[in-house]
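K.L.:
Respectively, the protein sequence lines represent chains A and B.
No gaps in the numbering here: position 10 of the first sequence is 10 in our numbering, and each next residue is one more.
No gaps in the numbering here: position 354 of the second sequence is 354 in our numbering, and each next residue is one more.
These aren't lab readings, by the way, just hints derived from the structure by calculation.
All C-beta atoms, glycine included, are put in the ideal place defined by N, C-alpha and C.
Any given hint could turn out to be false.
Derived pair list, reagent style DSS-like, types lysine-lysine, alpha-carbon separation capped at 25 Å [as the list claims (entries may be wrong)]:
# : chain 1 : residue 1 : chain 2 : residue 2
1 : B       : K128      : B       : K94
2 : A       : K80       : B       : K74
3 : B       : K188      : A       : K271
4 : B       : K94       : A       : K271
5 : B       : K40       : B       : K128
6 : A       : K271      : A       : K188
7 : A       : K470      : A       : K40
8 : B       : K80       : B       : K227
9 : B       : K470      : B       : K40
Derived coverage of chain A by chain B (criterion: at least 3 residues anywhere in the stretch with Cβ under 8 Å from a Cβ of chain B; other residues may be distant) [claimed, not checked]:
#  : region
10 : 254–265
11 : 393–404
There are 2 protein chains.
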Amino acid sequence: MTNKLQVAVLGVDVFDAAFAESDTPYTRLDWKPPAGGDAKLVDALFRLETECVDDKGDSLIDRANREAFDRLRKGRPVLKRVRPAHEVIAGLDKETILHAGPPIAWADMCGPMRGAFVGAVKYEGLAKDDAGAETLLASGKIKCRPNHHHRAVGPMTGMISHSMPVFVVENEPFGNQAFCPVNEGIGKVMRFGANDESVIANLRWIETVLAPAIDQALVDGGGVDLKVVMAQSLAMGDEMHQRNVAASLNFHKAVAGGFHAALSGNPEGRKAVEFVAGGNEQFFLNLAMASCKAIMDPLRGIPYSTVVTAMSRNGVDFGINVSDLEGEWFTAPCLKPQALYFPGFSEADANPDMGDSAIVECFGIGGMAMGAAPAVVRFVGAGGAEDAYRYTRTMREIAVGPNPDLPIPGMDFIGIPSAIDIRRVVATGIMPVINTGVAHRLPGVGQVGAGIVTPPMEIMRRALSRFAEKRLGKCGR
Amino acid sequence: MTNKLQVAVLGVDVFDAAFAESDTPYTRLDWKPPAGGDAKLVDALFRLETECVDDKGDSLIDRANREAFDRLRKGRPVLKRVRPAHEVIAGLDKETILHAGPPIAWADMCGPMRGAFVGAVKYEGLAKDDAGAETLLASGKIKCRPNHHHRAVGPMTGMISHSMPVFVVENEPFGNQAFCPVNEGIGKVMRFGANDESVIANLRWIETVLAPAIDQALVDGGGVDLKVVMAQSLAMGDEMHQRNVAASLNFHKAVAGGFHAALSGNPEGRKAVEFVAGGNEQFFLNLAMASCKAIMDPLRGIPYSTVVTAMSRNGVDFGINVSDLEGEWFTAPCLKPQALYFPGFSEADANPDMGDSAIVECFGIGGMAMGAAPAVVRFVGAGGAEDAYRYTRTMREIAVGPNPDLPIPGMDFIGIPSAIDIRRVVATGIMPVINTGVAHRLPGVGQVGAGIVTPPMEIMRRALSRFAEKRLGKCGR
Numbered sequence: 001m002t003n004k005l006q007v008a009v010l011g012v013d014v015f016d017a018a019f020a021e022s023d024t025p026y027t028r029l030d031w032k033p034p035a036g037g038d039a040k041l042v043d044a045l046f047r048l049e050t051e052c053v054d055d056k057g058d059s060l061i062d063r064a065n066r067e068a069f070d071r072l073r074k075g076r077p078v079l080k081r082v083r084p085a086h087e088v089i090a091g092l093d094k095e096t097i098l099h100a101g102p103p104i105a106w107a108d109m110c111g112p113m114r115g116a117f118v119g120a121v122k123y124e125g126l127a128k129d130d131a132g133a134e135t136l137l138a139s140g141k142i143k144c145r146p147n148h149h150h151r152a153v154g155p156m157t158g159m160i161s162h163s164m165p166v167f168v169v170e171n172e173p174f175g176n177q178a179f180c181p182v183n184e185g186i187g188k189v190m191r192f193g194a195n196d197e198s199v200i201a202n203l204r205w206i207e208t209v210l211a212p213a214i215d216q217a218l219v220d221g222g223g224v225d226l227k228v229v230m231a232q233s234l235a236m237g238d239e240m241h242q243r244n245v246a247a248s249l250n251f252h253k254a255v256a257g258g259f260h261a262a263l264s265g266n267p268e269g270r271k272a273v274e275f276v277a278g279g280n281e282q283f284f285l286n287l288a289m290a291s292c293k294a295i296m297d298p299l300r301g302i303p304y305s306t307v308v309t310a311m312s313r314n315g316v317d318f319g320i321n322v323s324d325l326e327g328e329w330f331t332a333p334c335l336k337p338q339a340l341y342f343p344g345f346s347e348a349d350a351n352p353d354m355g356d357s358a359i360v361e362c363f364g365i366g367g368m369a370m371g372a373a374p375a376v377v378r379f380v381g382a383g384g385a386e387d388a389y390r391y392t393r394t395m396r397e398i399a400v401g402p403n404p405d406l407p408i409p410g411m412d413f414i415g416i417p418s419a420i421d422i423r424r425v426v427a428t429g430i431m432p433v434i435n436t437g438v439a440h441r442l443p444g445v446g447q448v449g450a451g452i453v454t455p456p457m458e459i460m461r462r463a464l465s466r467f468a469e470k471r472l473g474k475c476g477r
Numbered sequence: 001m002t003n004k005l006q007v008a009v010l011g012v013d014v015f016d017a018a019f020a021e022s023d024t025p026y027t028r029l030d031w032k033p034p035a036g037g038d039a040k041l042v043d044a045l046f047r048l049e050t051e052c053v054d055d056k057g058d059s060l061i062d063r064a065n066r067e068a069f070d071r072l073r074k075g076r077p078v079l080k081r082v083r084p085a086h087e088v089i090a091g092l093d094k095e096t097i098l099h100a101g102p103p104i105a106w107a108d109m110c111g112p113m114r115g116a117f118v119g120a121v122k123y124e125g126l127a128k129d130d131a132g133a134e135t136l137l138a139s140g141k142i143k144c145r146p147n148h149h150h151r152a153v154g155p156m157t158g159m160i161s162h163s164m165p166v167f168v169v170e171n172e173p174f175g176n177q178a179f180c181p182v183n184e185g186i187g188k189v190m191r192f193g194a195n196d197e198s199v200i201a202n203l204r205w206i207e208t209v210l211a212p213a214i215d216q217a218l219v220d221g222g223g224v225d226l227k228v229v230m231a232q233s234l235a236m237g238d239e240m241h242q243r244n245v246a247a248s249l250n251f252h253k254a255v256a257g258g259f260h261a262a263l264s265g266n267p268e269g270r271k272a273v274e275f276v277a278g279g280n281e282q283f284f285l286n287l288a289m290a291s292c293k294a295i296m297d298p299l300r301g302i303p304y305s306t307v308v309t310a311m312s313r314n315g316v317d318f319g320i321n322v323s324d325l326e327g328e329w330f331t332a333p334c335l336k337p338q339a340l341y342f343p344g345f346s347e348a349d350a351n352p353d354m355g356d357s358a359i360v361e362c363f364g365i366g367g368m369a370m371g372a373a374p375a376v377v378r379f380v381g382a383g384g385a386e387d388a389y390r391y392t393r394t395m396r397e398i399a400v401g402p403n404p405d406l407p408i409p410g411m412d413f414i415g416i417p418s419a420i421d422i423r424r425v426v427a428t429g430i431m432p433v434i435n436t437g438v439a440h441r442l443p444g445v446g447q448v449g450a451g452i453v454t455p456p457m458e459i460m461r462r463a464l465s466r467f468a469e470k471r472l473g474k475c476g477r
């Protein structure tokens with residue numbers, strides 16, 4: 001018997017070719033150097049693990065992240081009302097308009113965001129046409145602020161202006177509120193940058209017919225526990241970012257009687273019922289976003305916690321917030337989604353990633369819960385059922401824990417991967433997967449596709465460096 | 001080198017112990033003798049395969065079953081109306097009451113079936129109390145007929161009487177109609193044998209409020225394609241026998257606007273909307289049954305086809321119909337389901353298997369499509385997600401084909417196993433799995449659990465013997 005050479009190859013791939021050509025059998029291990037091989041980050045990760053410990057040697061960061069995870073699980077978002085934004089959002093005067101993503105000035109905005117701002121200015125009656133709106137916006141008299149600075153979120157461009165009705169979701173155990181506008185339906189809509197008369201008329205109908213009827217149903221029925229709706233819908237094939245088919249129906253189910261009564265005898269009643277009870281399959285997206293925002297806000301500012309409390313994009317920059325680094329944005333240019341485009345469109349038409357909607361992935365649904373929604377994987381062009389399961393299994397590696405409150409039946413009832421830990425993201429190189437709609441890069445065109453996207457890796461690394469800088473050497477030992 | 005003994009064991013298990021105790025490695029193959037080792041059936045199966053062929057040697061039976069499968073796939077059940085039974089069901093005079101399962105006389109009925117008959121007699125005003133109803137039924141003046149003899153189906157006891165509103169489902173490409181009563185909700189209901197005043201009052205409310213409003217919505221909107229609803233709901237975690245959560249919502253979605261309009265200003269409107277839009281999660285079961293009945297009826301009477309066109313139980317006997325043996329029932333005593341019982345109940349309380357609902361398994365949903373509904377597997381006490389997938393994979397072995405019109409996303413979009421072939425059932429010993437509710441054996445108590453059940457094997461064997469007797473020696477060669 002000869003002693004045969006046994007070869008395992010890992011890391012860089014320069015040796016593969018050599019062995020592949022030889023007769024020597026070799027095995028390639030699926031291993032990558034931690035933190036992409038960045039020595040400073042590897043050192044920071046190691047020191048955070050060894051130095052940030054208490055007297056007993058237990059990790060202060062792990063403990064803080066468990067606290068964050070506990071708060072996440074305790075969260076119970078209840079839809080209480082639908083009210084005009086200025087009534088419930090502090091600081092929303094007539095000249096302030098809120099947008100998705102990290103802060104950005106009018107001059108720096110992408111096409112669809114500019115289109116949406118023009119639309120919002122017209123909707124509020126601050127200008128009577130596009131030219132007037134653009135002049136006003138260029139004058140600097142309109143304050144442009146991120147939704148996240150006002151406890152709010154909005155999909156895609158994310159517009160919230162003074163008169164616009166917003167869902168008021170209260171995280172009952174903590175008492176904090178979160179806000180999101182009412183979903184406008186599909187087609188020509190302001191969230192994708194459209195702003196013509198039909199868009200404004202639709203928003204006015206939501207303001208005067210739909211929102212008051214939902215509000216009346218909520219006052220009548222005492223609110224809707226949206227965590228229950230999310231758990232039911234996850235078991236019905238929705239991940240609640242790109243698929244809200246079941247969730248929209250389950251929400252209607254929760255208010256059906258009161259909603260019918262509120263609209264009884266109203267000539268617009270039929271249209272309103274059709275809109276909520278099925279005509280608009282993404283209706284629940286905005287409720288999922290408000291729920292996740294309400295759940296995630298109490299996780300902000302936990303000392304030593306490396307959990308991501310928000311991921312958000314303004315169409316130019318992708319920004320994240322991290323619990324222990326509350327008040328700071330880590331930003332870098334948005335990536336373009338890997339998408340399936342609608343007929344007639346291609347990647348050349350796509351605006352980079354946009355919207356506050358990635359708050360749902362912070363909680364653990366959307367791209368994190370792809371395993372619950374194999375049909376979505378096809379819709380966004382990312383494979384079959386096994387791929388869906390694989391996405392969710394992979395996301396478990398960067399989450400603090402599986403969340404047993406939202407089990408995925410098709411994956412033997414494992415919980416969704418909740419609370420993204422930037423340490424694990426940086427160490428493994430696995431980025432959170434976000435399911436997203438894709439807007440045309442020009443104002444006024446609308447949606448051109450749907451796909452998946454990740455944050456740019458550098459913001460995760462930069463946030464971890466900042467965290468290490470803040471905490472290393474001061475970990476209390 | 002020694003020549004080692006390699007052993008494979010199959011069939012009877014008497015050798016296992018001997019090898020298990022020896023050092024000789026052995027492999028047990030998962031093989032059973034065909035047709036349970038019944039030499040006559042094995043011979044019949046063999047002769048049917050070799051003798052029932054055309055000039056080119058192609059199987060007449062396979063061809064007939066492909067024709068059956070094609071008709072099944074072509075079926076498009078559309079809900080047209082909700083009308084009083086006597087208006088649409090031929091021969092349903094005031095003294096005729098239809099029931100689930102194969103034919104049975106009053107004297108032979110099980111407890112819950114008797115309870116339901118007493119209720120139906122009271123509902124029709126033919127007697128004013130239970131004693132009067134029982135006297136009348138015992139007198140033989142009430143004609144008791146199987147639903148299946150009137151193109152109808154009903155869940156559990158399956159009562160259809162003169163005034164009762166029924167769904168009218170038309171299989172448009174074929175023009176045949178099928179009928180099923182409106183689901184009564186859960187709790188104390190006639191289908192489980194309850195018959196007190198609350199049961200009668202609920203049926204009256206369905207007759208006077210709910211059914212006319214759904215009918216108006218249907219006339220208004222032009223009918224609902226129930227195949228579309230079934231396909232959508234299968235992708236949302238329903239198998240549509242024990243779980244109709246998504247299907248009920250999807251049905252409401254299809255009629256939402258017209259249903260709202262029909263009930264606008266009606267003081268009972270709110271209750272009716274709540275009933276259909278979510279309060280009754282099994283609402284769609286009856287629509288699934290009518291759809292499958294409408295789809296399966298054109299498969300009756302195809303010469304040489306060994307496809308099961310109905311499986312049906314009256315609480316005493318389980319009966320099946322087979323395409324080529326149209327007009328004949330093959331019956332044997334019903335089995336008791338393997339069930340999870342509600343608190344306070346046990347198998348001792350259970351009535352044997354009952355209802356026409358197993359028509360859905362003939363089409364390929366319900367127990368056949370368990371892989372689409374892992375949550376149901378838990379509800380009926382039959383395991384986890386992998387078990388759900390395994391059930392459906394196993395059912396593929398006895399079905400003519402996977403039906404691509406109803407794909408299961410969680411199983412990489414494979415189609416449901418459609419059209420049960422008695423040859424394969426007998427050859428493999430694999431029985432169709434039926435998801436079912438379980439009634440208390442006494443009249444008036446109601447549902448006590450839910451579980452899975454199969455037909456008794458002997459009716460499959462008897463049907464195959466009869467088919468062989470009819471066709472062997474006369475196969476046209």
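K.L.:
Each hint should be assessed against the structure and marked as holding or not.
P.N.:
Hint-by-hint comparison with the structure:
{"no.": "1", "hint": "B:K128 with B:K94", "result": "holds, 15 Å"}
{"no.": "2", "hint": "A:K80 with B:K74", "result": "violated, 47 Å"}
{"no.": "3", "hint": "B:K188 with A:K271", "result": "violated, 36 Å"}
{"no.": "4", "hint": "B:K94 with A:K271", "result": "violated, 42 Å"}
{"no.": "5", "hint": "B:K40 with B:K128", "result": "violated, 55 Å"}
{"no.": "6", "hint": "A:K271 with A:K188", "result": "holds, 18 Å"}
{"no.": "7", "hint": "A:K470 with A:K40", "result": "holds, 15 Å"}
{"no.": "8", "hint": "B:K80 with B:K227", "result": "holds, 13 Å"}
{"no.": "9", "hint": "B:K470 with B:K40", "result": "holds, 15 Å"}
{"no.": "10", "hint": "254–265", "result": "holds (count 9)"}
{"no.": "11", "hint": "393–404", "result": "violated (count 0)"}
When each numbered hint is compared with the structure, violations occur for hints 2, 3, 4, 5 and 11.
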